[in-house]
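Just so you know, the sequences run in chain order D and R.
If you read the first sequence in my numbering, its first letter stands for residue 77, the second for the next number, and so on.
If you read the second sequence in my numbering, its first letter stands for residue 4, the second for the next number, and so on.
If you are wondering where the hints come from, they were derived from the structure by calculation, not from laboratory data.
These numbers were taken from a predicted model, which means no experiment stands behind them.
Just so you know, even glycine gets a beta-carbon here, dropped at the ideal spot from N, CA and C.
Don't take each hint at face value.
Taking CB as the label site, the calculated pair distances span [as the list claims (entries may be wrong)]: (1) D:Ser133 with R:Asp255: 50 to 56 angstroms; (2) D:Asp142 with R:Gln140: 48 to 54 angstroms; (3) R:Pro72 with D:Leu141: 32 to 38 angstroms.
Negatives, chain R to chain D, calculated, CB over 10 angstroms [said to hold, decoys possible]: (4) Ile8; (5) Glu30; (6) Arg48; (7) Leu113; (8) Asp117; (9) Gln140; (10) Val157; (11) Arg165; (12) Asp183; (13) Ile206; (14) Asn221; (15) Arg235; (16) Arg263.
BS3-like, lysine-lysine: derived pairs with alpha carbons at most 25 angstroms apart [what the hints assert, rightly or not]: (17) R:Lys175 with D:Lys167; (18) R:Lys259 with R:Lys223; (19) R:Lys223 with D:Lys186; (20) R:Lys227 with D:Lys201; (21) R:Lys223 with D:Lys202; (22) D:Lys112 with R:Lys96; (23) D:Lys206 with R:Lys209; (24) R:Lys27 with D:Lys167; (25) R:Lys51 with R:Lys178; (26) D:Lys112 with R:Lys123; (27) D:Lys207 with R:Lys209; (28) D:Lys186 with R:Lys96; (29) D:Lys112 with D:Lys79; (30) R:Lys35 with D:Lys186; (31) D:Lys201 with R:Lys209; (32) D:Lys167 with R:Lys34; (33) D:Lys186 with R:Lys34; (34) R:Lys257 with R:Lys51.
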Amino acid sequence: MAKAHDYDDIPGTTVFDAQRSRQGYHLNMFCMSLMKPGNRADFKAGERAYLDRYPMSEAQKQAVLDRDWNRLISLGGNIYYLAKLFFNDQKSFQHVAAIMTGSTQEEYAKMMINGGRPVQGNRSKKEWAKKRG
Amino acid sequence: MARIIGGVTTSHVPAIGAALDNGKSGEPYWKKVFDGYERSKEWIRKVKPDVILLVYNDHAVAFSLDIIPTFALGCAAEFPVADEGWGPRPVPKVIGHPELAAHIAQSVILDEFDLTVVNKMEVDHGLTVPLSLMYGQPKAWPCPVIPLAVNVVVYPPPTGRRCYALGRAIRKAIKSFDQDLRVVVFGTGGMSHQLQGPRAGLINSKFDRSFLERMAKNPKALTKITHLELMREAGSEGIELVMWLIMRGSLDEKVKEVHRFYHVPASNTAVGHLILENAK
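Kindly generate the complete structure, drawing on both the sequences and the hints.
This is how it looks when you write it as structure tokens:
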């Protein structure tokens, strides 16, 4: 079982620690490979075949194909590595952040212009449990 | 003798670089960000540093999960601008200062900071965006830059206290360099932001403003903030703020605050910026 950490109490947040960096090593290194134009072309030509070059878990490969960002994070993906994948899709940090928070990009951008997600009510899992009744 | 004349802190949001590179800096959304740096540009033109030591973090570009140095000092003669996936930013290549960098490395390692020396490294937006904010779009950067890359991507980053102490050691190293150079230290990243998961978009202006306030007057209090508190209060990526403390540690205890700017948002992030000068 994974060791409990004080930061596990921060809601809606996955801290990319040593354990997760090990779990997501191949997934993240796959993402990083997309910084090279030749690799981007190969990936575009056949995503599944390209993913099979990396010893990733089936769940990780499926989450890449689905562009399921929260799932990728839960499987050891790190946002700065995943960025290589969504940049390759011509998507921005805001686009992906909106998806991860379950809002439209328009709603999310508006929230940011209005000062962002407030920290009140978002500090601990207890606060989230209360909010959701 | 070399000496540190001042310090700059600033966020290094990639979208700021993209806005400038794509000619969008005059649009209302971005103008609010760039306007906060007008005075800063004047200041740096006036003080004209001979060298900049720029503390930033690499964003899975020069370093991957293969090698994760906590503190990596760029000792090369030049640092190419990285292609982060959409082509390199159209900015000049970064010229280093290998002599001063080697001197700093030797000095701080003997002071018990186990730096990684890097002789070949591409630099990403973490380093180039702060230069763009301070210098605009010149044909060449006006002075050499020594990159100091800090790991804040894989938890845990170095503690705030350790960062501040490294700043002290860098200060000592620069002071003992036998060339008459005026150095400005940049501490970049932050302020509050979270880029991942259902809590993405978190901003904590109250925390940020208090952090800005204490940078000049009470930085030791900032070194006591735990990683847990930083992530809880300023978002998982807000932990980058530890890098500001390297800059602060490199200055005198008494400093003069020359400029302060705070703005929400640039994309997903709260933009915070300070210019501090050594008081005497």
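Against the structure, the hints:
The hinted window of 50 to 56 angstroms between Ser133 of chain D and Asp255 of chain R holds, with their beta carbons roughly 53 angstroms apart. Judged by the Cβ atoms, the range 48 to 54 angstroms given for Asp142 of chain D and Gln140 of chain R is violated: they are separated by roughly 40 angstroms. At roughly 33 angstroms, the beta-carbon separation of Pro72 of chain R and Leu141 of chain D lies within the given 32 to 38 angstroms, and the hint holds. With a minimum CB-CB distance of about 33 angstroms to chain D, Ile8 of chain R clears the 10 angstroms threshold, and the non-interface call stands.
Look at Glu30 of chain R: its CB is around 13 angstroms from the nearest CB on chain D, clear of 10 angstroms, so calling it non-interface holds up. Under the 10 angstroms C-beta cut-off, the non-interface status given to Arg48 of chain R relative to chain D holds; the minimum distance is some 32 angstroms. A cut-off of 10 angstroms between C-beta atoms confirms that Leu113 of chain R is not in contact with chain D; the least separation is 29 angstroms. Taking the minimum C-beta to C-beta distance to chain D, about 18 angstroms, the non-interface status of Asp117 of chain R holds against the 10 angstroms cut.
The claim that Gln140 of chain R lies off the interface holds: its Cβ sits roughly 22 angstroms from the closest Cβ of chain D, which is beyond the 10 angstroms cut-off. Interface exclusion of Val157 of chain R from chain D breaks down, the closest Cβ pair being 5 angstroms apart, not more than 10 angstroms. The beta carbon of Arg165 of chain R sits about 18 angstroms from the closest Cβ of chain D, which is more than 10 angstroms, so the claim that it is off the interface holds. Distance to chain D confirms Asp183 of chain R as a non-interface residue, since its nearest Cβ pair spans about 39 angstroms, more than 10 angstroms.
With a minimum CB-CB distance of about 3 angstroms to chain D, Ile206 of chain R fails to clear the 10 angstroms threshold, and the non-interface call is violated. Interface exclusion of Asn221 of chain R from chain D stands, the closest Cβ pair being 22 angstroms apart, more than 10 angstroms. The Cβ of Arg235 of chain R sits about 5 angstroms from the closest Cβ of chain D, inside the 10 angstroms cut-off, so the non-interface label is violated. At roughly 19 angstroms from the closest C-beta of chain D, the C-beta of Arg263 of chain R stays outside 10 angstroms, upholding its exclusion from the interface.
Of the supplied pair hints, the one linking Lys175 of chain R and Lys167 of chain D is violated, its CA atoms being roughly 45 angstroms apart against a limit of 25 angstroms. Of the pairs offered as hints, the one joining Lys259 of chain R and Lys223 of chain R holds, with about 16 angstroms between alpha carbons and a cut-off of 25 angstroms not exceeded. Taking the CA atoms of Lys223 of chain R and Lys186 of chain D, the gap is about 36 angstroms. The hint is violated against a cut of 25 angstroms. The hinted pair formed by Lys227 of chain R and Lys201 of chain D meets the criterion: a straight-line CA distance of about 24 angstroms does not exceed 25 angstroms.
Restraint check: the Cα-Cα separation between Lys223 of chain R and Lys202 of chain D comes to about 31 angstroms, which exceeds 25 angstroms; the hinted pair is violated. Distance hint between Lys112 of chain D and Lys96 of chain R is fulfilled; the C-alpha atoms sit about 20 angstroms from each other, no more than 25 angstroms. Pair hint Lys206 of chain D plus Lys209 of chain R holds up; C-alpha atoms about 23 angstroms apart against a cutoff of 25 angstroms. Simply put, Lys27 of chain R and Lys167 of chain D have alpha-carbon atoms about 18 angstroms apart, close enough for the 25 angstroms limit, and the pair holds.
Restraint check: the Cα-Cα separation between Lys51 of chain R and Lys178 of chain R comes to about 18 angstroms, which is no more than 25 angstroms; the hinted pair holds. For the suggested pair Lys112 of chain D and Lys123 of chain R, the alpha carbons sit about 18 angstroms apart, so the restraint of at most 25 angstroms is met. Among the hinted pairs, Lys207 of chain D with Lys209 of chain R is consistent with the structure: their alpha-carbon atoms are about 22 angstroms apart, no more than 25 angstroms. The hinted pair formed by Lys186 of chain D and Lys96 of chain R fails the criterion: a straight-line CA distance of about 36 angstroms is larger than 25 angstroms.
Our distance criterion of 25 angstroms between C-alpha atoms is broken by Lys112 of chain D and Lys79 of chain D, whose separation comes to about 36 angstroms. Distance check on the hinted pair: Lys35 of chain R and Lys186 of chain D sit about 16 angstroms apart at the alpha-carbon level, within 25 angstroms; holds. Taking the CA atoms of Lys201 of chain D and Lys209 of chain R, the gap is about 21 angstroms. The hint holds against a cut of 25 angstroms. Proposed proximity of Lys167 of chain D and Lys34 of chain R is supported: the alpha carbons are some 23 angstroms apart, at most 25 angstroms.
About 18 angstroms separates the Cα atoms of Lys186 of chain D and Lys34 of chain R, which keeps this hinted pair within 25 angstroms; it holds. In summary, the hint linking Lys257 of chain R to Lys51 of chain R is supported, as the alpha carbons are separated by about 22 angstroms, within the 25 angstroms threshold.
Comparing the model with each earlier hint shows violations of hints 2, 10, 13, 15, 17, 19, 21, 28 and 29; every other hint is respected.
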